[in-house]
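*Asks:* Sequence:
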Amino acid sequence: MVSYEKVRQTLKTTTLAIAIFNIIFAGLGLISLPGLFAIRSMIDSGNTDALQMTSQQIDVLKESVTGVAIAIVIIGIIANIIIAVFCFINLSRLKKEKLPTPLPYYIGIVLATASVIYTFIASTSMSGILLQIGFQAIFIFLFFFALQQIKTLSNQN
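The numbering of the sequence shown is this note's numbering, which starts it at 1450 and goes up by one.
Simulated from the structure, these hints should not be mistaken for laboratory data. For every residue, glycine included, the Cβ atom is placed at its ideal position computed from N, Cα and C. Please note: incorrect hints may appear among the correct ones.
[To be verified] Derived DSBU-like pairs: lysine-lysine, alpha-carbon spacing no greater than 35 Å straight-line:
id, residue 1, residue 2
1, K1461, K1547
2, K1600, K1461
3, K1461, K1544
4, K1511, K1547
5, K1545, K1600
6, K1455, K1544
7, K1455, K1600
8, K1455, K1547
9, K1544, K1600
10, K1455, K1545
11, K1545, K1461
[Claimed, not checked] Pair ranges (Cβ atoms, derived):
id, residue 1, residue 2, range
12, G1495, K1545, 56 to 66 Å
13, L1482, L1548, 34 to 44 Å
14, V1451, G1516, 48 to 58 Å
15, G1495, A1520, 48 to 58 Å
16, G1495, A1586, 16 to 26 Å
17, E1546, A1499, 50 to 60 Å
18, Q1458, I1519, 39 to 49 Å
19, I1519, S1452, 45 to 55 Å
20, Q1506, F1537, 13 to 23 Å
21, Q1458, I1507, 47 to 57 Å
22, I1538, G1577, 25 to 35 Å
23, E1512, Q1458, 41 to 51 Å
24, F1486, Q1506, 54 to 64 Å
25, F1593, Q1501, 41 to 51 Å
Starting from the given sequences, assemble the full structure and let the hints guide the process.
*Replies:* Here's what the structure looks like:
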């Protein structure tokens, strides 16, 4: 027999962890944006002397700090905020003994999958690729675990 109260508590803990991680990632993304814009501005103006890098390093930087890369960071920040907000809504629903919405977990799966794909396309470092895949695998597991808990709770009703 399934203990629905235990499932509900596990889902609360998982949802809170997902919300906290997404708040942290949104914050880190916001902190990185001014630096990305500054580097892009230096590259566009040709004033790369202040970077104190070799020409090879500057070429790599030019390839990595593109408009598309900045747009992806902004989309990631927005998605992280949306996931966190929906997670807090779900926590409120769980507190009221209501069934939470699976939306933040689906958004998270899409975001994590897109992140892995982008890493394969844009990264040149094998260690960077492996690290990113490791992090995203953990998040995909958390999202699927939360979805499984919601499915279990929906069987209660």
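*Asks:* Could you tell me which of the hints above the structure violates, numbers in ascending order?
*Replies:* Hints 4, 15, 16, 20, 24 not satisfied by this model.
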